[in-house]
Amino acid sequence: MDAASKAQLERGARLVELLKQPQSQPMPVEEQVVSIFLGTGGHLDSVPVEDVRRFETELLDHMRASEEEILTEIRDSQKLTEEAADKLTEVIKNFKKGFAATGGGSVVPDEHVEALDEDKLAKEAVKVKKPAPKKKK
1 MDAASKAQLE
11 RGARLVELLK
21 QPQSQPMPVE
31 EQVVSIFLGT
41 GGHLDSVPVE
51 DVRRFETELL
61 DHMRASEEEI
71 LTEIRDSQKL
81 TEEAADKLTE
91 VIKNFKKGFA
101 ATGGGSVVPD
111 EHVEALDEDK
121 LAKEAVKVKK
131 PAPKKKK
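Using UniProt numbering, the first residue of the sequence shown is number 1, and each one after it goes up by one.
Treat the hints as calculated values from the structure; they're not laboratory data. Among the hints, erroneous ones may be present.
[As the list claims (entries may be wrong)] The list that follows gives simulated cross-link-like pairs (lysine-lysine, DSBU-like), each with its CA atoms no further than 30 Å apart: (1) 96 x 79; (2) 20 x 96; (3) 93 x 6; (4) 97 x 87; (5) 20 x 79; (6) 6 x 97; (7) 20 x 97; (8) 6 x 96; (9) 97 x 79; (10) 93 x 79; (11) 20 x 6.
Turn these sequences into a full structure, and let the hints steer you where they fit.
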């Protein structure tokens, strides 16, 4: 199986997890929009499938507590505007930094960081002074 097909199947597994809802506990439309945005936008691609539900729940709890204006905007306008999508993307990005997967690993993909040039590094020298040994009598 090629990498693209594998990635598509893995995203599908995450979407299935997102679409599971407890019976007789309907989810508000604005929260459904956030959940579908998470899955279809690739924001969960780095989250293990077994952590998707917990990630979604904790993100929505965080948004209800600290990012209510985004949820209100979606609820009032009945759509996800480009501005709200940009804000939501930023909230998700920041939330991921503090989220730990079940195994304790990070869900933030490693970013490529260029090494510093050797000549740009400051060199420090550490000198240790030992006291002279005491003379025995």
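Evaluation of the provided hints:
Between the alpha carbons of residue 96 and residue 79 the distance comes to roughly 24 Å, so the proposed pair stays at or under 30 Å and holds. Taken as a hint, the residue 20 and residue 96 pair is honoured in the structure, with Cα atoms around 21 Å apart against an allowance of 30 Å. Using a Cα cut-off of 30 Å, the hinted pair residue 93 and residue 6 holds, with the two alpha carbons roughly 24 Å apart. Our distance criterion of 30 Å between C-alpha atoms is met by residue 97 and residue 87, whose separation comes to about 16 Å.
Taking the CA atoms of residue 20 and residue 79, the gap is near 22 Å; set against the 30 Å cutoff, the hint holds. Proposed proximity of residue 6 and residue 97 is supported: the alpha carbons are some 25 Å apart, at most 30 Å. This hinted pair checks out: residue 20 and residue 97 have alpha carbons roughly 25 Å apart, not beyond 30 Å. For the given pair, residue 6 sits about 23 Å from residue 96 by alpha-carbon distance, which is consistent with the 30 Å threshold.
A C-alpha spacing of about 27 Å is found between residue 97 and residue 79, which places the hinted pair at or below 30 Å, so the restraint holds. Pair hint residue 93 plus residue 79 holds up; C-alpha atoms about 21 Å apart against a cutoff of 30 Å. Straight-line distance between C-alpha atoms of residue 20 and residue 6 comes to about 22 Å, which keeps the hinted pair within the 30 Å bound.
Checked against the numbered hints above, the structure violates none of them.
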